[in-house]
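Following the hints, position chains Z and F against chain D.
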Amino acid sequence: MATESIKYLTPETETKLKSKAFPRPHQNTSGIVNWLTTIDHKKIGVMYGLAALFFLILGGVEALLIRSQLWNHNMEVLSNREYNQMFTMHGTTMVFLVIMPLSAAFFNFIMPLQIGARDVAFPRMNTLSLWCFIAGGITLNLSWFFTGGSPAIGWFGYAPLTDTRFAEVIGDMGPDFWIFSLQILGLASLLASFNFITTIINMRAPGMTMMRLPVFTWMTLIVSFLIILAFPAITIALVELMFDRTYGTNFYDFLEGGKPHLWQHLFWIFGHPEVYILILPAMGIVSEIIPVFSRKPLFGYGLIVFSGAIIGFMGFAVWSHHMFTTGMGIVATSAFSILTMLIAIPTGIKIFNWIGTMWGGRIRFETPMLFALGFITMFMVGGFTGIMHSSVPIDAQHQDSYFVVAHFHYVLIGGALFGLFAGFYFWLPKLTGKMLNEKLGKFVFTLMFIGFNVTFFPMHYLGMIGQPRRTHSYNEGHGFETWNQIATIGAFILGVGILIGVYQFVTAFFNKKLKDAGKNPWDARTLEWTLSSPVKEYNFARTPIIKSRDQAWENNYGPKENHSDKVPLDDHGVHMPDRSWYPLVSGLGFLGLVLGLLFHQSVDANTGEILRDYTYAIAGGSIAIFGIIMWSLEGPAGYHLFPKETEE
Amino acid sequence: MKTLLNKIQTLSYIILPAFFSFIGGCSRIDHKQSALDPKGLVSQNQYDIFMLSVWITIFLFCAVGGCLMYVLWKYRAKTPEEAMEVPPQSHGNSKVEISLIIASTLILIILAVPTLQGVVLMNRVPDPNDSETLEKLGLDRSAIDDAITVNVTGKRFFWIFEYPQFGIVTSNELVFPASKAVRINLRTEDVIHSFWLPKLAGKMDLMPGQENFLWFIANEEKIRTRKDSDGNMTLVSTEIAMPSVFNGKMRERIFAKQKFTDEFEAVGGLFYGQCAEYCGNSHAYMSFRALAQTDDDFDSWVKRFQNSQNPNLQPGTYNPEEEYQKDSIVQFADPALGDSGTREFRAVQAIAKGQAPNLDKKVWKKAHSDDYEMGKKLFSSLQCVQCHAINRTGLGSKGPNLTLFGIRTSLAAGWMRNDEENLSKWLRNSNEVKFGNLMWNGEGVDDDHPLRNLENDDEKVNQLVTYLLGLK
Amino acid sequence: MSEASAHALEHHEPETSTGIPNKKVLMWAFLGSDCMFFGTLISTHLIYRKISATVGGNTLDVRDIFDIELTSFSTFILLASSLFMALAVSAIHKGNLSSTRWMLFGTIIFGAIFLACQVYEFTHFVHVPGNELTLSSYRGEPHVFGSTFYVLTGTHGTHVAIGVFWLIGWFVYSFTGKMSTADALDIECCGLYWHFVDIVWILIFPVVYLMEYAF
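Chains as they are written, first to last, in our numbering: chain D, 1 to 648; chain Z, 1 to 472; chain F, 1 to 215.
Just chain D, same shape as in the assembly:
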């Protein structure tokens, strides 16, 4: 079980394809090489998480600069272009470099444990998607240092503002960096999603039927499907935009026959499923936490799973509600309006079911549960304002005002981020083997909850009295000042809360004072809690045979026939695949390719002609291809371990 390929070598045979350039590191390698060459889903999850937390702080600083600029009318903390760059980078960073990779961190770490697998289906591909994500983050933030600085186009880069024709700095490279970083981040998400889909479909432990999957794993599967079906739309939209900017095609150039409307459709066909890509993992986490802290199984498991799938499916049918004010005509706006209202029903079902889960339980208010409850209430507010926007006449006033800003922050911070923080407090003991400080956790929750509401609740009102979003300044006399100041104060409280939280997560890995967690500190229900904390590199010493839905709980409290069995180990033991350098090599190759494409153009100083030099792009691409070829030739290889049955 759990090998990547059938080209498998027993430990007695040496692999014949030994590369001299990049010898495979030994299984017990330590230090930096350990992290650079790892193919262990747990380590990859940790790296995803740490990188995303770093970007969370970066995006948070950008947000605080934005809030400082809006403290009063006509402030000059940032110039208008700097402000426009800030909100573009803040949006792009938070969506693509924070929420998505944080979700990916949990997918990586938790999902294989929940289905009783020893790793994901393609461990090296998993590493590649990590490096692609990091390359994308680097590419996006490199933009600060080149012509024109960071993109100032908004996170959805509406055409034709992205056209070179309307650039406000000569030779502005910001949008190019934006395009290429999103492409490489898309590659990372796609690779990861193919991997997760294969893993969940194919690598479940015996007896782990689809309807016994923990809800978090279900949401992983749905989100992965959303990603592989939604990302192509933006990839192609970005390719077309790249062609427009670099080779003069006319996809979005309205002066030469293109239609800027097309960009909006393609973007939101991706963009709306993306909203569910961001929120469904958090819903999955909350659906795990609430049963644990209520000591009851999830109320209406089937309906929760089904409504998650419905939300994902309908996510593809409502994209145009982002475009109610673009003049689509009565029929289209009405149809999308009604469809959008319908999507509120499966979302409502989830909330009813979470309350149903708590009904009759024994509720403990520990930090994960507090964050989960914060999620429910805040997401409810965000959902309600979402219902308002589904009504076209209301949206005619709300669209592009601070009301909308309030709405999506309620969904993305009050929703997604609270859910992910709940996940951290819930599962970090499993990662580190140490319990987090409960008091500090509750303090972080209090700061975040208060700071968040103080920041974003006033924005509903600000939007209604006419503050448009994405304006670096406002005039006096609108009555915006007081509430913007309150929001700014709240933002700093929220920022401090998040900072302490991040500090707590990072130090949890080496803080010796923390209490040991043991196997199942929360008396939780799903399979990962049958393992020791931290989890051994092979996850399961013996592959479990699953008998029921909440296996860890059933093992402790259920009838005998529901206790899980174990598949006996055969004489080959547990096969562990070898580390590899090639995912990193390929990742660097992709980074080189992207940078080569970014800088392939130069202008001849004398003639003004555009010169194109693809040397570096080809070099980068060749490295990537070399990496992939060597990767397929080296095979998974591996070594064997013979853990005792109790060593898990």
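Hints in this document: simulated from the structure, not taken from any laboratory.
Everything numeric in this text was worked out from a predicted model, so none of it was measured.
Each residue gets a CB set at the ideal place from its N, CA and C atoms; glycine is no exception.
Where hints are given, some of them may not hold.
[To be verified] Cross-link-like lysine-lysine pairs, in silico, DSS-like; alpha carbons within 30 Å at most:
id: 1; chain 1: Z; residue 1: 227; chain 2: D; residue 2: 442
id: 2; chain 1: D; residue 1: 439; chain 2: Z; residue 2: 78
id: 3; chain 1: D; residue 1: 547; chain 2: Z; residue 2: 7
id: 4; chain 1: F; residue 1: 50; chain 2: D; residue 2: 547
id: 5; chain 1: D; residue 1: 43; chain 2: F; residue 2: 23
id: 6; chain 1: D; residue 1: 513; chain 2: Z; residue 2: 78
id: 7; chain 1: Z; residue 1: 326; chain 2: D; residue 2: 442
id: 8; chain 1: F; residue 1: 94; chain 2: D; residue 2: 566
id: 9; chain 1: D; residue 1: 566; chain 2: F; residue 2: 23
id: 10; chain 1: D; residue 1: 442; chain 2: Z; residue 2: 78
id: 11; chain 1: Z; residue 1: 74; chain 2: D; residue 2: 439
id: 12; chain 1: D; residue 1: 519; chain 2: Z; residue 2: 7
id: 13; chain 1: Z; residue 1: 7; chain 2: D; residue 2: 439
[What the hints assert, rightly or not] Over 10 Å on every C-beta distance to chain Z, these chain D residues come out as not near it, computed from the model:
id: 14; residue: 32
id: 15; residue: 33
id: 16; residue: 567
Frame of chain D, contents of chains Z and F only:
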């Protein structure tokens, strides 16, 4: 325990009223650009649906949130022992689930019906022959029959308003009759903008390569309603609520307020709008105003504009072969204004042939001050005329149309009060006021415009200011 | 692949929950995603097809440019290559190495012919006298048809080229003496990809080419 509760109670007696009065003080709903203070039919409809949704969601929040609170309180683990108990492991109840699904569907229908009606209202001006609908909406047939049309063109970062029915063009200030429906056709010449007039119409995007539409009709009674010092609603007269624009009364009345910020309270007929779709560097500064007028005042305004933009009515060069009536205006060389300087002269009385303008003879009078004439000259020599039309419709010109600039209330696309001080600040360095504006930066980004040399030239700036504000 | 590992292989055939090998599931997931890539491109082309006819005062009738006989021929060639691919997959399952090798070779040749036709077609379109169609213009004036046409068919061509290189990889590998039925799964995945690329062309050909003659 009891004392603690008492303390909290006493504290709440003090804090809560203070809190609510603070909230109340800061949360007026009739701000400049507030969608919570609708003054027209369409925005009122949008507001009504919004309030319906607010009540629905408050109800839902209380119901679901109350339920949640109840559960959290009732089923909390009170002791560590209780926290380790194993409650009955129930897995769900399909009857409860189905009834909740049905209930939420019903609630959505309550919102869906007015939504669909609202979509139709926003997108279509009611048919004037459909008297039933007109009656329901409380509209006069004439309001629709005599509707005016305005073609709005958005540019970075200002607005052009063209009135095709009257053949006139203005910019950044939309003058409209309060009693008539106004159809707005939206176009753009560069990137996407969005026309947002919260108190009248909501918003609609200006999409490149496509013409979008919205309409509104103001409600005169609402414009005239005002809160007096006691907080009672009173109706003020039309002259106070909607001073006429064409003769500068509107400008005077709102400038009578000491502060720019108080202008919108001076009259009811002054509305604020803003570009709501991010369009580049100075997106924040792309605002506009809409000025409501009585029918008569609107007609007079249109007439003045038509005259000002009619090339046949511009003062001609003095012709010795012609007789001039009293008050006719001619252009004639005046050496006092430098080489090739011409000045406008007004006839004090009827003038026979061959009496060339000459100030000594007292039959001709200077039409304008010297500064005005010098400013006019500068306006051509500094190439302002290349982008700004002043006495013509000038459709297609790069900059805002400045016809009758002296009666405008605002400057720089509604950003500042249009007075001497602000105008001279604007002319000296417009980039400081509005970074990235076309006048300073030109089409290319580093275009060296003669305007850039005005920064310390007090004399020229004064002359230009006198000229521009003299255009009335 | 050494004997020892071949032995180990029998022993360690990974059992998956569905019984379908992981790689195949991965391939199907990828193809599902790829459908959306082409879906987006094809819809872009369809959206612009009518609009693009009259841009810039130049009425574009692509029938003046297209060489439908050549494209029909290359379509046939690409479809025929699918047959070779299927035969190669079947041969490797049966362990017939030499047949596999030559069927792979046939697929490569036919794929290459298709690519050559496309390269000819592109260079030809850019230079049709009086009807030059480039990425950004038609008859020297800005036009959008070239943009959608070249990017759509070019993306498909890139897919074919990747497939050809992949097949060349297998073809070379077949001479190393290491190829065995153990590679059947990998070649089958390659085949899935190849068939998919063909099927996409079956969609593109009528939508982009034939439709111009019908409507």
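These are the hints, each one checked on the structure:
1. Note on residue 227 (chain Z) and residue 442 (chain D): the hinted pairing is violated, with a Cα-Cα distance of about 48 Å set against a maximum of 30 Å.
2. The straight-line distance between the Cα atoms of residue 439 (chain D) and residue 78 (chain Z) is roughly 19 Å, inside the 30 Å bound, and the hint therefore holds.
3. As the CA atoms of residue 547 (chain D) and residue 7 (chain Z) are separated by approximately 55 Å, the hinted pair breaks the 30 Å bound.
4. Our distance criterion of 30 Å between C-alpha atoms is broken by residue 50 (chain F) and residue 547 (chain D), whose separation comes to about 59 Å.
5. A hinted pair counts as satisfied when its Cα atoms are at most 30 Å apart, and residue 43 (chain D) with residue 23 (chain F) qualifies at roughly 23 Å.
6. In summary, the hint linking residue 513 (chain D) to residue 78 (chain Z) is supported, as the alpha carbons are separated by about 29 Å, within the 30 Å threshold.
7. For the suggested pair residue 326 (chain Z) and residue 442 (chain D), the alpha carbons sit about 87 Å apart, so the restraint of at most 30 Å is broken.
8. The suggested pairing of residue 94 (chain F) with residue 566 (chain D) is violated, with an alpha-carbon distance near 37 Å, which exceeds 30 Å.
9. Straight-line distance between C-alpha atoms of residue 566 (chain D) and residue 23 (chain F) comes to about 26 Å, which keeps the hinted pair within the 30 Å bound.
10. For the suggested pair residue 442 (chain D) and residue 78 (chain Z), the alpha carbons sit about 18 Å apart, so the restraint of at most 30 Å is met.
11. Simply put, residue 74 (chain Z) and residue 439 (chain D) have alpha-carbon atoms about 24 Å apart, close enough for the 30 Å limit, and the pair holds.
12. Taking the CA atoms of residue 519 (chain D) and residue 7 (chain Z), the gap is near 45 Å; set against the 30 Å cutoff, the hint is violated.
13. The straight-line distance between the Cα atoms of residue 7 (chain Z) and residue 439 (chain D) is roughly 26 Å, inside the 30 Å bound, and the hint therefore holds.
14. Under the 10 Å C-beta cut-off, the non-interface status given to residue 32 (chain D) relative to chain Z holds; the minimum distance is some 43 Å.
15. Even its closest Cβ contact with chain Z, about 45 Å, leaves residue 33 (chain D) beyond 10 Å, as expected for a residue assigned away from the interface.
16. With a closest Cβ-Cβ approach of about 27 Å to chain Z, residue 567 (chain D) is found to remain outside the 10 Å limit, as its non-interface label requires.
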